[in-house]
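**Student:** Chain order of the listed sequences is Z and Y. FYI, the numbering for the first sequence is 1 to 228, going by the working numbering. FYI, the numbering for the second sequence is 1 to 338, going by the working numbering.
Read the hints as simulated data drawn from the structure, not as lab findings. Only true hints are included.
Taking lysine-lysine pairs in the DSS-like style, the calculated list, with each CA pair at most 30 Å apart, reads: (1) Z:K121 / Y:K250; (2) Y:K250 / Z:K59; (3) Z:K13 / Y:K237; (4) Y:K29 / Z:K90; (5) Y:K250 / Z:K47; (6) Y:K337 / Z:K59; (7) Z:K90 / Y:K334; (8) Z:K73 / Y:K337; (9) Y:K334 / Z:K47; (10) Z:K112 / Y:K250; (11) Y:K29 / Z:K131; (12) Y:K334 / Z:K73; (13) Y:K237 / Z:K73; (14) Y:K337 / Z:K13; (15) Z:K112 / Y:K29; (16) Y:K29 / Z:K73; (17) Z:K158 / Y:K337; (18) Y:K237 / Z:K131; (19) Y:K250 / Z:K158; (20) Y:K29 / Z:K121; (21) Z:K183 / Z:K90; (22) Z:K13 / Y:K333; (23) Z:K47 / Y:K337.
Across the chosen pairs, the derived CB separations fall in these ranges: (24) Y:I39 / Z:A129: 30 to 36 Å; (25) Y:Y308 / Z:N116: 44 to 50 Å; (26) Y:A18 / Z:D5: 39 to 45 Å; (27) Y:N7 / Z:L175: 48 to 54 Å; (28) Y:S33 / Z:R6: 44 to 50 Å; (29) Y:S251 / Z:V61: 25 to 31 Å; (30) Y:N7 / Z:V61: 31 to 37 Å; (31) Y:E299 / Z:Q113: 55 to 61 Å; (32) Z:F135 / Y:R9: 43 to 49 Å.
Bear in mind the structure is a predicted one, so any value in this text is a computation, not a measurement. Beta carbons: idealized from backbone N, C-alpha and C, even for Gly.
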Amino acid sequence: MILLDRVSKVYPKSRRPALDKVSLNVAPGEFVIVMGRSGAGKSTILKLLNREERPTSGKIVVGGIDYDDLRPKDIPHLRRRIGVVFQDYKLLPNRTVFENVAFAMEISGMTKQEINYNVPKILEIVGLADKASEFPRHLSGGEMQRVAIARAMVRQPKILIADEPTANLDEETSLEIVKLLIKINHYGTTVLMITHDTNIVKKLRHRVVKIAVGRIVSDTKGLVRNAK
Amino acid sequence: MRNNRSNARQLRSRQTAARRFLMWRRSVKYGVSNFVRNIWLSLAAIVVMTITLLTVFVAGAATVMLNDTVQATKVEKMDLALYLKPDTPEDIKTELKQALETDDNVAWVDIKSKEESIKRLEESQVVDAETEALITESGIELSDILPIEVSIHVNDIYNTDGLREAIDGQKSQFKVYEDPNSYEKQFWHGDNQKTVQNIANLANGAQIAGFALSGIFLFITILVIFNTIRLAIFARKDEIEMEKLIGAEKSYTRAPFLVEADLYGAISGIIAAGAGYTLILSFLPEVRVGAAVGGFSTELLNAIMIGYAPLVIIGIVVVGMIIGDISARLAVKKYLKY
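In isolation and in its complexed conformation, chain Z is listed as follows (with noise of 0.2 Å):
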């Protein structure tokens, strides 16, 4: 589902590269955890994958899109089969819990039909169906980190990459929206979990990848290697 081949990127300005021959591949279904300190090059996979950033070298093959032969015009395509779950949550202040699930649905056309019969359904799973009509800034960290959840959710996307989802959250919070995100896997999502969280990684079972200095360290699967 997720191939990253020998990725190594390197910013502009930068004497080390944020992510040296990283090589990593996730199957169908499965619920990935990337763990790694800050620094160490989580959210550049994050933007690799949302084609924010291109690597430097190496390959991706995300849901059989080679990001090689991607073109400018389809990558917004590829971002609306991707769902994504940002640190800073990005909701929209101005806009209620309904309205900013709906706007995800909106970008791609959906009809108002289709809205009105999904978004509901998708607040009810997150477990917000009483806050619809809230904004954002009525909201605590972690009901505006559902309703990111939510708006990644509802177009029913094949995988689902979170970024730090339980950062500025309590321990108790956490752990229901990492419970949240399991759920969501559990009806058959490929989920990518990044955190720097030891914390909630120790409660889970799940896989985890370790990342160092733009390396991967360790792979609980034991299936990722690092090239030399």
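Fit chain Y to the known structure of chain Z by using the hints.
**Tutor:** Positioned in the frame of chain Z, the structure of chain Y alone reads:
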């Protein structure tokens, strides 16, 4: 099989069209919402654009009036005189008139009657009392010796070479009827030419001033709308970033800004048309009096303003929308990186 494929294709194309229409409606909705959200900036942009459109409108109206005046004066007051022998038969005169009127530059040809020629001669006071007495004594009728004047009214005073060639070309056919003494006297009436020249200069000057003023306001408007859209883009920076990251098409993100600028243009166009019409129509009687005194023609202006009012209003609105659209596209191209 082939039918199924064709049906599927038709269905897909209908779905694509429906989706495009839906996205367009949403863009318009967000454009209107941006407009309301930045209401003070929007109002400022509308005021500046209204002044520009009003300037263009008034300058256009003045240009129409002055050009109409030049044209009317040229045709009414400028003529080329050609003289025929007094005994030229009627059919030859008619033939000559028809031949001359085939020239595109000829508005009409007027062949003066003998009575008109005598009256004109008397009015011109070229013949003094002594000469007149001599003519009367000799028993010669003035009408028998006066050449027949062919007055040729032209559209373009600066373009008479073709006409001269046409007259010369006709020479052989009409040669025998030419008045040998007066043919060479074909002339432009000196004073009229000066009058027309003065009005033409005024029209050209007004046109240049109108263009210059419109150009300055146009430049200011483009800058103001460009800046308004730039600020709107900055104000929605996070939203645009989010739209981009979750897969919005570039055109979808861009469209509301263009709609917003088109709205400025449309609203400004309506206000400018209303203000322009109010201004011109309320002063039209005064304009007419002034025009009559100054020798200006308001006929064409009146005909366009009244007869083509819907077209004029639509034209101003469209010009406003084009200005808004161009300014917004420049801002979007520069600041909405994708």
